[in-house]
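Build the full structure now, drawing on both the sequences and the hints.
2 protein chains.
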Amino acid sequence: MRVGELQTPALLLDSEALQHNLATMAAALPGPRLRPHMKAHKTTALAARQAAAGHRAFTCATIREVEGMAAAGLGEDLLLANEVLDASRLGRLDARVTVAVDSPETVETAVRGGIKEVVVDVNVGLPRCGIPPEKAGDLAELARSRGLSVRGVMGYEGHAVGLPDRALRQEICAESMALLLQAHAAVGGELVSAGGTGTYDINTWASEIQAGSYVLMDTAYARLELPFRQALFVLGTVISVSENGYAVADCGLKALGMDHGKPDLAEGGMVLIVSDEHLTIVPEQPVKVGDRVRVVPAHCDPTVAYHQRVHVVDGEDVLDSWEVDLRGW
Amino acid sequence: MRVGELQTPALLLDSEALQHNLATMAAALPGPRLRPHMKAHKTTALAARQAAAGHRAFTCATIREVEGMAAAGLGEDLLLANEVLDASRLGRLDARVTVAVDSPETVETAVRGGIKEVVVDVNVGLPRCGIPPEKAGDLAELARSRGLSVRGVMGYEGHAVGLPDRALRQEICAESMALLLQAHAAVGGELVSAGGTGTYDINTWASEIQAGSYVLMDTAYARLELPFRQALFVLGTVISVSENGYAVADCGLKALGMDHGKPDLAEGGMVLIVSDEHLTIVPEQPVKVGDRVRVVPAHCDPTVAYHQRVHVVDGEDVLDSWEVDLRGW
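So the protein sequences, as listed, match chains Y and W. Sequential numbering of the first sequence, starting at 1, is according to our numbering. Sequential numbering of the second sequence, starting at 1, is according to our numbering.
All the given hints hold, so there is nothing to weed out.
Same chains, same names: a pair is fine if it fits in one copy or spans any two.
In silico DSS-like cross-links for lysine-lysine, where the CA-CA straight-line distance does not exceed 27 angstroms: (1) Lys288 <-> Lys262; (2) Lys135 <-> Lys288; (3) Lys116 <-> Lys288; (4) Lys116 <-> Lys135.
Everything labelled a hint here was simulated from the structure, so no lab data went into it.
What follows is the structure, encoded as structure tokens:
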């Protein structure tokens, strides 16, 4: 199939950029040094490529992601890097499942759900989940007293990963990881799990990095000047051209995560308005009705979550179409 | 089932508010005066309630919405209020399908796809699709010469519908509709289709109003002081509580359309951060791990599009669970 035959809006994955990103990351963080995060692409077919590149342990954000990875035969070592209050679906899986805990309630949830292994989620500065570092040891002790195996700690420096200033990113990452190592000293275990695409080569303290976006990329991460290439695009069709210099493509709010703002046009120009099913653009080169435009999402994760399929393309050839099979909860 | 048993994040539709909104709109714009827009809720079960309230003609934004409505037996009069460049899926449907055209290319698409009826989409001031009013008559003539029946005109005053200042909203709506009526004089036909929730009682020029959000509502439309009640909520579970005054619920970017900014908390308080699967909040009343929170989306349409199901609730009772069956394209 040719890209021109795809119905739009369509999610595209550039094969060459994908290969480059997989290889670059596998060279920097080989094998178990990377625990790829499924939340970015939600696609087991892509996870299988990451496994083939040497990374066989994965990070998940939702129960559904863990379930889907187990069903796809990728359940060798799945970390649900998030708190849940009902682990019954996880306890039933034929996979190695480790769950994050940050409170006595989440420890009890793990026990009740038949989970055997946990990590202690530590707050390293991001106002989100995680127990204060000085309390991590006590929670690990509680977990062990309830029969759980504690594999170590995790702590996400999410307030650092997106900072364009590399020196500042390094500084905040170092502060965060000092807190995580403090917690690890009290908790023990083999895992110090942390990091993201923005700190993949900065965070030298963690035993494994939970990066996900590196494989797709977006305009927010592009500002960080990382060695990864833009692999993810939304393809739209120009459905209307105005005499006033703008045109309209058929990919809107329901095809694009908007929390990081408007997307960019791959071929240059400006995005004026994003409506439910319309993108009003001022392209750099004139376009006509029926032309295709490639749009670069501002945030890859919530963009992918809108799409049922992602098409792997090489120039104008569609090599493969993968189901985005880990959507929902 | 009880709301407390729902897995989160979950999309809730408050039954009482829904009934109020359906009844209020049906009283203001009875029967064919309203052509409910499917893009807001993408749910045929809810469309059936709108049909039961007297509105049997519907507006759609995508081919998939038209297809799904036809399959659900709601195809008496479906208007695809958008341009498409491949109408072959539409031409095959066992339903009355009318398609918007704004260019010779879209007229040819309709002919090629086996479409019999069109409306001329007119630009009434919003920088999006639509032909200039002074050219609408020529396009109608072209369409008729190609064997199409031209049912009239449509023109969306999308630059007016969201303005909180009612006087300004009225003024821009009046200007827009003057352009649409100018086009209609040249085009002819029984339809002058326009409007949205924000102009449902202001736009007295259109023969039918394409409102959709009224049935759900969101924080953006709430600012307009319309007589419709908030019916749509995202339900989250508190998974972590910090000693620093904030808590974290499990409904994030992938459960909420973010183009209108952060959502509100139904019970009061503040939303600090929206991450992929986390909502960091400062609730008005203290919460504990396991508590549920109801979140009011900033924009209903792209929020609904993330969810597979919507649960109709009355207090703590789940009355029904409807599939959001018109998602995708």
